[in-house]
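Participant: Now for the letters of each chain:
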Amino acid sequence: MTSRIPNKIADLPNSSPRFIGQEVERVEDRQLVSGKTEFIDNVSLPGMLHCAILRSPNAHAKITSIDTSAAEKMPGVIAIITGEDAKRWTQPMQTVPEGWGTLCLATDRVRFVGEPVVAVAATSRYIAEDALDEIIVDYDPLPPVADTQKAADAPPIYDEHESNVVFQRKFTWGEVDAAFTDADKVLTDKFRWHRLGANPLECNGVITEWDIIDGTVTTRGSFQSQVNMGLLSAGALGVPSNRMRVISQPHGGSFGGKGGPRGTIITALLSRKAGGRPVKWIEDRMEYLAGGAGQSWDRFYDVSLALKTDGTITGLRVVLLDDLGASAEGFGAVSAAKPLAAFTGPYAIPVAEYDLTLVATNKLPQSPYRGMGPPPHNWALEQMVDLAAVELGLDPAEIRRKNYIPKNAFPYTIASGNEYDSGDYEAALDAIVEMADYKALRREQEEAREQGRHLGIGLVNTIEPGVFDWNAYAIVGSQQTGVPEGATVGIDIMGKIVAKVGFSLEGQGQYTVISQVLADYFKVEMSDVRVVPQDSLSAPPHFGPGGSRLGVAITGAVLGAADRLREKLIRVGANLLQSPPEALELSDGMIRIPGVAEAQIPVAQVAATMLARSDLLPEGMDPNPEATYVWTAAGRTPADDQGRAKSYLTAANACHLVLVEVDTATGMVEILKYFIVDDCGTRLNPATCEGMTQGGVAQGVGAALLEEYVYDDDAQLLTSTFIDYLIPTIYEVPMTTKKALVTPSPYTPLGAKGMGEGAIHTTPAAVMCAINDALRPLGVKAHEVPASPRRLWTLLHDQSVG
Amino acid sequence: MKPAPFEYCAPEVLTEAVEVLEQNEGDAKVLSGGQSLMPLLNMRLARPEVLVDLARIPELDYVREDHGALVIGAMTRQRTVELDPMVREKHPLVYEATINVAHPQNRNQGTFGGSVAHADPSAEYPALAVALGAQFKAVGPDGERTIDAEDFFVTYLTTDLEGAEILTEVRIPALPDGAAWAFTEVARRHGDYALAGATSYFTLGADGKCATARIVVFGVGGTPVRASKAEQAMIGEAPSAALFASVGKAVLDDVEEPQSDVHASAAQRRAIAGVMTERGLADAARRAGIAI
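Taken in order, these protein sequences are the chains called U and Y.
At position 281 of the first sequence (counting the first as 1) the number is 1197 in our numbering, and the numbers step up by one without a gap.
At position 114 of the second sequence (counting the first as 1) the number is 115 in our numbering, and the numbers step up by one without a gap.
Source of the hints: derived by calculation from the structure; they are not laboratory data.
Cβ atoms here follow ideal geometry from the backbone N, Cα and C, with glycine treated the same way.
Misleading hints may appear alongside valid ones.
What the hints assert, rightly or not - A short list of chain U residues far from chain Y (calculated; beta carbon distances all over 10 Å): (1) Glu954; (2) Pro962; (3) Phe1087; (4) Pro1322; (5) Ala1581; (6) Met1584; (7) Leu1634.
Unchecked claim - Here are the simulated DSBU-like cross-link-like pairs (lysine-lysine), alpha carbons at most 35 Å apart as the crow flies: (8) Y:Lys230 <-> U:Lys1189; (9) U:Lys978 <-> Y:Lys210; (10) Y:Lys3 <-> U:Lys952.
Take the sequences, apply the hints, and build the full model.
Facilitator: Right, dumping it as structure tokens:
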């Protein structure tokens, strides 16, 4: 039986909702700001040991010997594992595509700087790190594959593969050749997006214990998706999935950077070797930067647009070479596939082509990062649109307006197969042009140029695919359609509500959303709702946060569960009111007969009746005032042979307008003004939406100007601390002027759209377009992200070095 | 990121600290504010056998004036210097350099002496010290000696201090009367070490032409660089935008071989040092009400 999940706030059983759509205080924050939230490093278990990991200093080498004998004799050292233990007890970690992974510890060969080689469990982290000093590993260096563009022809880094090409295929959607043959103008340019990625405040951390009597492995940690962590770890450890218990602790952000199963597998093996004692591993920042889940998107783009003279874009070709690093364990290939969900951005480009090559090199394997792939794609596309505007003598705003998908064309299927649910991109453009006073900014730019100052304007509107689906990644081997998210909602004998879910705190405020939804559904206070996270074995089917989905998915889950609970309450109410169930409704916290004033009973009373007055229940009635619902997006389709699928359920859009100044003498860029018009459908909690947007701007500014993992020609990491890998701070990130438009989704619970990735889709493109607008009179163009002062200065002053 | 084992000692008198250093020469390290040393210890890039913490020696913590000069005890927190009204009023260049040092949180812990003794060539205080002709007082097994700023900084992270010597005091002369001054730098983020920077001051004679000029650039070599050629280019000239531009260019000749790294090339650092000099001189003139 399907549940009735309202698509509009007005359809909730509440004549005056007080919480949904309002800027309520977040239920998570009191614990967080008072330091009471229990992060993984606060957890200490009896008998717990501490793990330290010896990592490869070489990018590519054969391991000729490992001597742990001196370390084993040190007081306090309890267990040491090497690749031999991993070989004996585990399977290689799962990869996408399949067959490009390794064991959790290197065996005969290391393939990147920072790859784990030996792990130690000791009575303290100090002793464990001292023990690493006493371990001798002999390496026989091999030539590293460091150059992405030469990787395909370099000797393979895996003996079992013929080359370093992990994936190569061209996808063609429509008559692309014809579009380019018939075009009035064809424009082509190349772009380079350098490696960067997630850097949550808290790195990865786990505590794992292997109960060697009953064969259960329990791991707790800062896991983004506990079910995913469970499946990946159980597979590698050879543990049945129902004996792999994963507990997701509250964690200090993720952004995709919380890592694969390596930490769990290593600590599980140490626990096994230490007789089942719990083993804690807290990843430090140097481990994270060199060997963690912080690196993504190492890309070379070659993009072509087919155009009519009037500015209409008739075709798009994208050739992408992406450097996955030393394995496919971290879903880098998925990042390259995701642009299919919004390949042509907000534009009605009828045909497109994606020529995709993924290579392996001796760098850290790529991991997911907020946005999961489209941010570089959006930048390349938007830079091409700006180029078209210049070449055709059009204003950047007008060429965009001309090509937007019109608002009456939704739902709209894009060339790469995904369907956009709703949108009004022209309204967003109109709103930002007015808010920013675009014409005045152009005048300001002119006046500044006359004074020798170099101001530039970037104007970009991007689509944020929301509510991810595995089918979007079918081209690289993902098999599933649908991502279930479940919730159990119950009312106790005192009338208080408990919602049980399968994820922990990560920062986005989903517990608040759940409390808002249920408080309005049952017409109680938000404080009457308590959200209780369950572990991977006790929660209903779930995924957790990821791919801009959880706000929508968990709203669907709790509304579905609430509706099932409503049905139970009505059956009981019908017995109490001596009426047929069809005559009753839930409204404003009452089970009642519409139009009959006295015929109503508070929900809390009905629930209490179920638990305490079995004599008043209908015959055969389940007396549990609790219900579970597992939500998944309707109407998703498996991918066709060209990867086309209805995948991501929603298409939010955001229009950004940014004014920058380039200091040509130093190469520094300053952001002077920043405006955002954002449309993510119904805003469940506007304050949270604004926070997510602003956070995305921060990471976007980092991408455009600061963040970069630099490897040298020997694939040695040169940016191994936060002195060199530069995270934007409050001083570098502008507080943006924001306006919200609301074009609800016709398909989702309450009309909300996925919006958690937010501005990272847009900000890099907007800032880069602005920089190039500033540089245009100087005859140079920035083709690389980040536009660091070194790159800009070299471009302006020393083009021979370029 | 846990340090290798070390012995920790926190003497309460200076002579005892010197003794410990002497007994463990080569294996002991002085801990002052810890803003650079603690990360190096945690990363096991520094592995001293003994750590001598100066935090409990009260005699090293003071800011005072002596015959117009500013005298700062080596263990004085940078934040103390920053918040001292006398410093702000009478030694504005010291104040300006201080607020460019990292962030308030670092300045709460970081010490004046620690920063200069660490001798990072991109740091603010070493450049300030060279620009103002500071004198460094050090105490060692053989007693006390005074070192001039230009002799104190030897090369990257290296000073003239002997292994068992402890920096105790820095004496910073006041700016000449009526001097126009500036401190300018470019950092990739607020509070980072500078890609390059410049600090300068000049005075005008009765004829309205530059009588004295002092220019120091930093982040462009192993030590702060006194830009002598640039200074010479100012003397006897009337301040003007054109003069400042040519002085900025002259700085390029004073800089030998700056470091090149992921943040800036050598050529870029040299150019930024010149630009910072030029912009700093313009700032200085503006602040002093000198028309250019």
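Participant: Over 10 Å to the closest beta carbon of chain Y is the bar; see if Pro1322 of chain U clears it.
Facilitator: Label holds. Min Cβ-Cβ 43 Å, cutoff 10 Å.
Participant: Just want to verify: Phe1087 of chain U was marked as not at the interface with chain Y; is every Cβ pair farther apart than 10 Å?
Facilitator: It holds; Phe1087 of chain U is separated from chain Y by about 35 Å at its closest Cβ, greater than 10 Å.
Participant: Is the claim that Ala1581 of chain U lies outside the interface with chain Y correct, judged by CB distances over 10 Å?
Facilitator: Incorrect as stated: the minimum Cβ-Cβ distance to chain Y is 4 Å, not above 10 Å.
Participant: Tell me if the straight-line CA distance from Lys3 of chain Y to Lys952 of chain U falls inside 35 Å.
Facilitator: 25 Å, holds
Participant: Please verify that the nearest CB of chain Y lies beyond 10 Å from Met1584 of chain U's CB.
Facilitator: Violated, because the least Cβ-Cβ distance between Met1584 of chain U and chain Y comes to about 6 Å, which does not exceed 10 Å.
Participant: Is the nearest Cβ of chain Y still more than 10 Å from the Cβ of Leu1634 of chain U?
Facilitator: 6 Å, violated
Participant: For Glu954 of chain U, is the shortest CB-to-CB distance to chain Y above 10 Å, so the non-interface label stands?
Facilitator: Given a closest Cβ separation of 22 Å, the condition holds.
Participant: Would you mind confirming whether the straight-line C-alpha gap from Lys978 of chain U to Lys210 of chain Y stays at or under 35 Å?
Facilitator: 69 Å, violated
Participant: Take a quick look at Pro962 of chain U and tell me if its Cβ sits farther than 10 Å from every Cβ on chain Y, holds or violated.
Facilitator: 22 Å, holds
Participant: Would the pair Lys230 of chain Y and Lys1189 of chain U pass a check requiring their Cα atoms to be no farther apart than 35 Å?
Facilitator: 68 Å, violated
Violation of the numbered hints given earlier is confined to hints 5, 6, 7, 8 and 9; the remaining hints are satisfied by the structure.
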